[in-house]
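Listed here are the chains, written in short residue letters.
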Amino acid sequence: MSDTMEELYNLRLKRYKKAMLNEKPDKVPLRVFAAEFSSKYAGFTVQEATYDYNIAFEAVRKCAKDFNWDATVLNMIYVWGGIIDAFGQKYYKLPGLNLPINTGFQYLEPPDEETTYMHEDEYDLLIENPTEYLMNIWIPRISKYVVAPGERNSYINNAAWLKGGIAMMKYFNDFGKAAELLKKECGAVSAICGILKSPFDVIADKLRGFRQVCIDVFRQPKKVEKACEALMPHLFQNALISSDPEKNLPVSIWLHRGTLFNRKMYEQFFWPTTKEIITNLWKNGIQTLWYAEGNWDQWLDYTLELPEKSIIYHVDQGNIFDVYKKINGKFAISGGVPNDMLAFSNPEDVKKYCKKIILEVGKNGGYIMDAGAIIMSDAKAENIKAMTEAVEEFGYY
Amino acid sequence: MNKKFDENEHQNGINPNPGELIPWELKEKEEEIVGDKDIIKEQWYSIEKLAYRFVWAIVTDF
Numbered sequence: 219m220s221d222t223m224e225e226l227y228n229l230r231l232k233r234y235k236k237a238m239l240n241e242k243p244d245k246v247p248l249r250v251f252a253a254e255f256s257s258k259y260a261g262f263t264v265q266e267a268t269y270d271y272n273i274a275f276e277a278v279r280k281c282a283k284d285f286n287w288d289a290t291v292l293n294m295i296y297v298w299g300g301i302i303d304a305f306g307q308k309y310y311k312l313p314g315l316n317l318p319i320n321t322g323f324q325y326l327e328p329p330d331e332e333t334t335y336m337h338e339d340e341y342d343l344l345i346e347n348p349t350e351y352l353m354n355i356w357i358p359r360i361s362k363y364v365v366a367p368g369e370r371n372s373y374i375n376n377a378a379w380l381k382g383g384i385a386m387m388k389y390f391n392d393f394g395k396a397a398e399l400l401k402k403e404c405g406a407v408s409a410i411c412g413i414l415k416s417p418f419d420v421i422a423d424k425l426r427g428f429r430q431v432c433i434d435v436f437r438q439p440k441k442v443e444k445a446c447e448a449l450m451p452h453l454f455q456n457a458l459i460s461s462d463p464e465k466n467l468p469v470s471i472w473l474h475r476g477t478l479f480n481r482k483m484y485e486q487f488f489w490p491t492t493k494e495i496i497t498n499l500w501k502n503g504i505q506t507l508w509y510a511e512g513n514w515d516q517w518l519d520y521t522l523e524l525p526e527k528s529i530i531y532h533v534d535q536g537n538i539f540d541v542y543k544k545i546n547g548k549f550a551i552s553g554g555v556p557n558d559m560l561a562f563s564n565p566e567d568v569k570k571y572c573k574k575i576i577l578e579v580g581k582n583g584g585y586i587m588d589a590g591a592i593i594m595s596d597a598k599a600e601n602i603k604a605m606t607e608a609v610e611e612f613g614y615y
Numbered sequence: 885m886n887k888k889f890d891e892n893e894h895q896n897g898i899n900p901n902p903g904e905l906i907p908w909e910l911k912e913k914e915e916e917i918v919g920d921k922d923i924i925k926e927q928w929y930s931i932e933k934l935a936y937r938f939v940w941a942i943v944t945d946f
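Chains A and B supply the protein sequences, listed in that same order. Taking the numbering used here, the leading residue of the first sequence gets 219, the next gets one more, and so forth. Taking the numbering used here, the leading residue of the second sequence gets 885, the next gets one more, and so forth.
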């Protein structure tokens, strides 16, 4: 690595870390989460980037270099086709396999009790032994290849476990190599390390499905609550195992369904276990990127119960200026540039809006410039460039 | 419809802690360990952690 690139990387890491800890760096960091936008910009199909993650890594590096990003996610087209084909998850559709080559991968949630992967009368089994439940009951249902204990074993079952495990190791090991290349070639920082989902989101997304969980919260609320509690230590452990050993980078929590329920339900199902996991990660020296997909403004008073600096509050469709006022310096903030603006507006307006965020939200530090949500192929390159220009023109302290 | 759960078919009597699939105690009972137990245990858990991560990655990542 050239001295210049290493210096640039160190400068950017320092800048990013300071901003995440709500301090004032030399400049507002630009940290962009780009998925299908990056492959399109770099001249690849979405199928190429989904199926060959080295292409996805390369596309992100091209964006990081061309748009001068301080930090980015190594591959935001995260669901690699190879691991899905190896293990046989039924809930994905993939570009080039069963979707057009330039459509992003799709998650298909079971729409009813007939097709759900966890039945309504199985909460006790999940609560009693979550890992066993997943391995013996849930995984055989979600995988085309895995069979449940007691069913006739198959060559394909054995191969699926073997190939799935090896695929994950290969993928995660190559993330390490991609982080090194991002550093060496672009002087940019890998933005996150490790994954967290709220226990309630796991039940609503993957186990029961949203429609079914909407019924469960009325018919068997205590079971849902107990299931969240049973999942909590595992989701904490999973986040901890996958987190940055250097403790420089945050674990990201991708927030989904909590915001779709009423206050009482948020308090009962979503918040207690989510709060405890994030608090415990912070006790272990790990920050969490609170990636609030959608509009989470109404839950801000709960989020404010978290320890100071324990999260970076990411704004998607919320009002970033209101969030800034309410947070009042307790956490750093990121995001807030609307994705529809990046897709349908023009560079002048994007730049103007970024300037407003920098001058109001970023005036005392603790702000990281980013789009509200992951950038898909509808964003215009000239608008992404306008974000960079805004940081260069107005982002220095 | 997905096949109903049959308790006799599925339960294996192992209730692993977070971070493991097969608790060390089961390995330890297999045979008498004549050397340094900690060396073996450390390696056991280095693999356990990865296998555990795989199962939970299907839930959280893939």
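Quick caveat, the hints were computed from the structure, so don't treat them as lab data. Note that beta-carbon positions come from the ideal geometry of N, C-alpha and C, so glycine has one too. A hint or two may mislead.
[Claimed, not checked] Lysine-lysine pairs mimicking DSS-like chemistry, simulated, CA-CA at most 30 Å apart:
1) A:K235 with A:K311
2) A:K235 with B:K933
3) A:K401 with A:K465
4) B:K925 with A:K527
5) B:K913 with A:K465
6) A:K501 with A:K570
7) A:K242 with A:K388
8) B:K933 with A:K501
9) A:K308 with B:K913
[Said to hold, decoys possible] Restraint ranges, calculated between C-beta atoms of paired labels, are given here:
10) B:E926 with A:P367: 24 to 32 Å
11) A:K444 with B:K925: 18 to 26 Å
12) A:P525 with B:E926: 29 to 37 Å
13) A:D596 with B:E926: 48 to 56 Å
[What the hints assert, rightly or not] Reference listing, derived: stretches of chain A covered by chain B, where coverage requires no fewer than 3 residues with Cβ under 8 Å from a Cβ of chain B:
14) 378-387
15) 480-489
16) 515-522
Now for the hints, and whether the structure bears them out:
1. A:K235 with A:K311: With Cα atoms ~36 Å apart, K235 (chain A) and K311 (chain A) exceed 30 Å; violated.
2. A:K235 with B:K933: 28 Å, holds
3. A:K401 with A:K465: Satisfied, since the Cα-Cα distance of roughly 17 Å is no more than 30 Å.
4. B:K925 with A:K527: Measuring from Cα to Cα gives roughly 37 Å; hence the hint is violated.
5. B:K913 with A:K465: Status violated; Cα separation ~37 Å.
6. A:K501 with A:K570: This hinted pair is violated, its Cα atoms lying about 39 Å apart.
7. A:K242 with A:K388: Violated, at roughly 38 Å.
8. B:K933 with A:K501: 21 Å, holds
9. A:K308 with B:K913: At roughly 38 Å apart (the allowed maximum being 30 Å), K913 (chain B) and K308 (chain A) break the hint.
10. B:E926 with A:P367: 24 to 32 Å: 29 Å, holds
11. A:K444 with B:K925: 18 to 26 Å: 32 Å, violated
12. A:P525 with B:E926: 29 to 37 Å: Holds - the Cβ-Cβ distance for P525 (chain A) and E926 (chain B), about 33 Å, lies within 29 to 37 Å.
13. A:D596 with B:E926: 48 to 56 Å: Given about 50 Å between the Cβ atoms, the range holds.
14. 378-387: Since three or more residues must qualify, the claim that chain B covers the region 378-387 of chain A holds, with 4 doing so at under 8 Å.
15. 480-489: violated (count 0)
16. 515-522: violated (count 0)
Of the numbered hints given earlier, the model fails hints 1, 4, 5, 6, 7, 9, 11, 15, 16; all others are met.
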